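Asks: The task is simple: from the sequences and hints, build the whole structure.
Going by my numbering, the sequence shown opens with residue 1, and the numbers climb by one from there.
Derived by calculation from the structure, the hints in this document are not laboratory data.
One thing to keep in mind: the hints can contain errors.
The calculated lysine to any residue pairs, modelled on SDA-like cross-linking and capped at a C-alpha distance of 20 Å, are [claimed, not checked]: (1) 123 with 262; (2) 89 with 23; (3) 89 with 103; (4) 89 with 39.
Ranges of calculated distance between the beta carbons of each label pair, as one might list FRET restraints [what the hints assert, rightly or not]: (5) 154 with 71: 16 to 24 Å; (6) 126 with 281: 32 to 40 Å; (7) 96 with 129: 35 to 43 Å; (8) 107 with 74: 49 to 57 Å.
Since this is a predicted model, take the numbers as computed values, not measurements.
We put the CB at the ideal spot given by N, CA and C, even for glycine.
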Amino acid sequence: MAAAVRALQGLSEGLLFPSSYAIMRHWVTPEEKSRMGSVVLTGVYSGAVIGLPISGFITHYLGWNYVYYFHGGIGIFWFIIWLFLGFEKPSHHRFISQDEIKHIEASQGQTAIVHEDDQVPWKQIFLSLPVNALNLCNFARSFIFFLLLTNEPEYLNVFGFTIAENGLYSAMPHLFMAIFSGLSGPMADYLINGGMVTPTQVRKLFTGIGFGMEGTCMLLLVFIRDGTLALIYLTIGVGFSGFSISGWQINHLDLSPRYASVLVGITTAVGTVAGILNPTLVGQMTKDQVNFFIPNRKKLPLIVSVRASFYFLIVCCTGTTSTLNEKIGNLISLRCNLYN
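Replies: Here it is as structure tokens:
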């Protein structure tokens with residue numbers, strides 16, 4: 001029964017990212033794309049900031065079963081609020097002014113055109129180099145995200161932290177990630193709107209900062225044997241990864257506002273594969289160890305080095321500009337803003 005419930009939960013959550021981008025397509029103006037996108041996506045990581053310490057305290061003082069009651073209740077509360085406040089398009093919203101609707105629709109320009117042909121160009125999408133590059137980005141980031149989610153508390157437990165302390169400290173890296181993610185959006189829009197850099201350069205720069213710093217700090221964890229220092233490196237690495245929100249994740253909207261939800265559905269599926277493979281791969285590579293992150297183990301330097309190298313490989317790879325507007329009757333502009 002528990003496995004069936006978890007399966008249903010996963011199927012339901014799989015709709016969140018694509019549907020979020022489908023809504024952002026209609027609400028986000030080009031000059032606020034990074035800012036608004038980072039606000040929406042920051043919520044994903046803010047959940048860990050709140051959930052991890054609260055779960056630790058609830059488990060410590062009330063028991064593990066109350067963790068599920070609490071988070072389940074929060075989900076039901078959010079659902080009720082969303083029924084009254086969530087709308088796909090500005091023109092459908094009950095509380096928005098006509099001036100704001102006109103501003104959003106005018107700013108979007110060509111992206112707001114109603115297309116006669118609604119058929120998704122699947123072949124062009126799957127053969128697109130930029131889309132496949134985003135698949136690699138999502139796989140790498142998801143691998144580290146699920147790795148931290150499942151192993152970080154156990155790793156900190158090795159240093160003797162209590163359950164309550166463990167929950168609090170485990171949330172710190174995600175707190176800084178949420179902060180850096182929220183800052184990255186306004187910074188990216190400022191650079192683009194000010195004409196200082198192109199959207200291509202911004203996406204590559206912020207992806208490079210995020211992946212590069214996180215990969216470096218993950219590699220340095222191999223040599224750390226002090227709990228405080230390990231927490232500092234984890235916080236810096238995961239925190240700086242928030243910059244990649246305004247890099248490869250916002251790039252879905254650059255590639256195609258019209259098909260952003262489709263692209264996100266594909267790349268998220270690839271990232272989910274990383275989450276599915278994560279426990280098995282980690283278990284096989286560390287079957288003689290207590291925890292994936294524990295230092296001075298024979299396999300750990302190789303494992304973390306591979307992960308860090310994979311990050312740098314994705315940042316450095318290049319490709320030609322790709323378009324997916326070959327279908328007659330479609331007005332699609334899938335520009336390669338990440339690999340131009």
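Asks: Look at each hint and say if it fits the structure.
Replies: Right, here's what the structure says about each hint:
no.: 1; hint: 123 with 262; verdict: holds, 13 Å
no.: 2; hint: 89 with 23; verdict: holds, 7 Å
no.: 3; hint: 89 with 103; verdict: holds, 13 Å
no.: 4; hint: 89 with 39; verdict: holds, 18 Å
no.: 5; hint: 154 with 71: 16 to 24 Å; verdict: holds, 20 Å
no.: 6; hint: 126 with 281: 32 to 40 Å; verdict: violated, 25 Å
no.: 7; hint: 96 with 129: 35 to 43 Å; verdict: holds, 38 Å
no.: 8; hint: 107 with 74: 49 to 57 Å; verdict: violated, 34 Å
Figure legend: structure checked against the earlier numbered hints; hints not met, in rising order: 6, 8.
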